[in-house]
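Student: Residue-level listing of the chains:
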Amino acid sequence: MIEQKKTTSSNFDFWSKSWPVDDKPLSINIGDLSLTISRSDYEWKLNYRWQKLGNEGAFNCDFLAKKPEEYTNTDRVAMESMSQSLTISPKLADRPVVTRPYSPLIIPGKNRIVLRVSTPLWISVNFSGDVSREFPVIKLSDTWMGQPSGAGELCYGAFTHAQLDEKLLLKLPYRALTPVTLHNTGDKMLTLERLSIPAPYLTLYEGATQLVTEPITIEVDPINLTSNAHIGKLTGNAQVAAPRLKSDGVLANTFQNLFA
Amino acid sequence: MNEIIPATDAEATLTLASFLRAAIIVLAGWFAAKVATRIFKSSFRFKISTHHLAMWGRLLYYGIFALFAVTAIHQLGFDLSVLLGAAGILTVAIGFASQTSASNLISGLFLLGEKPFVVGDVLRVENDTGEVISIDLLSVKLRTFDYLYVRIPNEVLIKTKFVNLTKFPIRRIDIHVGVAYKENLDEVVKLLLSIVNEEPRCLEEPKPFCIVNTFGTSSVDLQLSTWGRKELYRELRSDLNKAVKAAFDKHDIEIPFPHVSLYSGSRTSPLPITQVEQKSS
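Protein chains in written order, with the working numbering: chain A, 781 to 1040; chain B, 23 to 303.
Everything labelled a hint here was simulated from the structure, so no lab data went into it. Be careful, since some hints might not be right.
What the hints assert, rightly or not - Far from chain B, some chain A residues (derived; all Cβ distances over 10 Å):
(1) T854
(2) E860
(3) T923
(4) Y985
Stated by the list, open to error - Below 27 Å or equal to it, Euclidean Cα-Cα: the simulated DSSO-like pairs (lysine-lysine) are:
(5) A:K919 with B:K264
(6) B:K69 with A:K919
(7) A:K919 with B:K229
(8) B:K267 with A:K832
(9) A:K890 with B:K189
(10) B:K264 with A:K832
(11) A:K1026 with B:K69
(12) B:K69 with A:K832
(13) B:K212 with A:K832
(14) A:K832 with B:K272
Note that the coordinates shown come from a computational prediction; the quantities given were computed from them, not determined experimentally. All C-beta atoms, glycine included, are put in the ideal place defined by N, C-alpha and C.
Using the sequences plus the hints, can you model the full thing?
Tutor: The following block contains the structure:
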């Protein structure tokens, strides 16, 4: 039995809070990301790095009493009229995320299973209006889903436990959970080696213990090599972030792009 | 009595007025052509590609200007049918003289239809490699990486092979490295693959691979191949080369210099060397 990761009780309040930044820099540690934000009269200075912490990533945001450690990456955001505070909001990835189970999963023909797949969040630091910067909490590798000669798309690559049992989920506050129903409509057995989650088309909601998205249903025909993804609806949950791209709920795509 | 205007004065007045009218028509034509081209370009800027925009814009400009020029010629009193007849003969003469240009023009149209490359792509044509900066009716212009200007006639592109290095969104990067014969090849392959697996810019799919290519004269030659986005090709290849060197240094894996080993006849017995002290006389 995998021990449940403890989450702070104010996870969801964290996302809607306004952080006034004056003399003391703000330190944000979420997942692998360490970000320090300082404010001066004419610019915001963002200092950040990523360290591989796996499931032990932090989830906190505090004001620092002393000068922060200098990280390798620095961005400066200049504004004509400097805002006094900022907010931090979660978002899903800006590209589809290709998740690979740590071990291949076999789905017999005419079977339907529900996988729980989590993908890392992006955080958006919003200074005012349209002025914001986004950072992934975990730096994902690039990957390609589809034919290398062009009929495919650039995605992020990640590993997943692809849990079938909800009790085994880690429930990390910096990852969003997507229930994926996989329906093997053919007679042949299907081996799940990787699965593309269409993150830009999904909405982020508050779940019971972590952020969730609406469920996806994927029907796969391993004989004709086709698959269709339907984005379901989630009711009764508060919306945290709108999808980056609009879809009509159906993402018809080739076998190669969604499933392999 | 009707005043009789001397013939020379009448002719001069008519000619001057005609010239003025023709000049005004030409000026108006130039202005109209410019305005029409500007409107066309601003309307279609985001609807068609850059080189189509430039090409159709030029055709529109010269077409409108030509119409006004013909009207101006008519104003000057020239008989257009005579001009057309002369133009017919001239066309034949020009046709023979401009076979190459005509061929380039036709080739340009074929290239436009086939679209093997667009402005911004990197082409390798024979010994020249560069970015396509414009695709014109007669030729394609490249800018090499060291900022030289290369003009390639369209006919050459139709007739010869060229390589579009940026046609597809991803590209394979091959790192060729040789290691000493004494090294454990399984460990070397594992180390090389770990380098690309740690690098987020290397695509997870298509999967990277490492193969032992040949047994060279001085080293065992391996090839590490990984895929990356085309725009990151150069920097990723350089960073991977650096990472390989650093990893080999860290794990004491030798990248041998070309060398020759001398054997006295048996591969296990080296040449005997004896140091002899020089006797002082």
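Student: Against the earlier hints, flag every one the structure doesn't satisfy and list their numbers going up.
Tutor: When the structure is compared with the hints, numbers 3, 6, 9 and 12 turn out to be violated.
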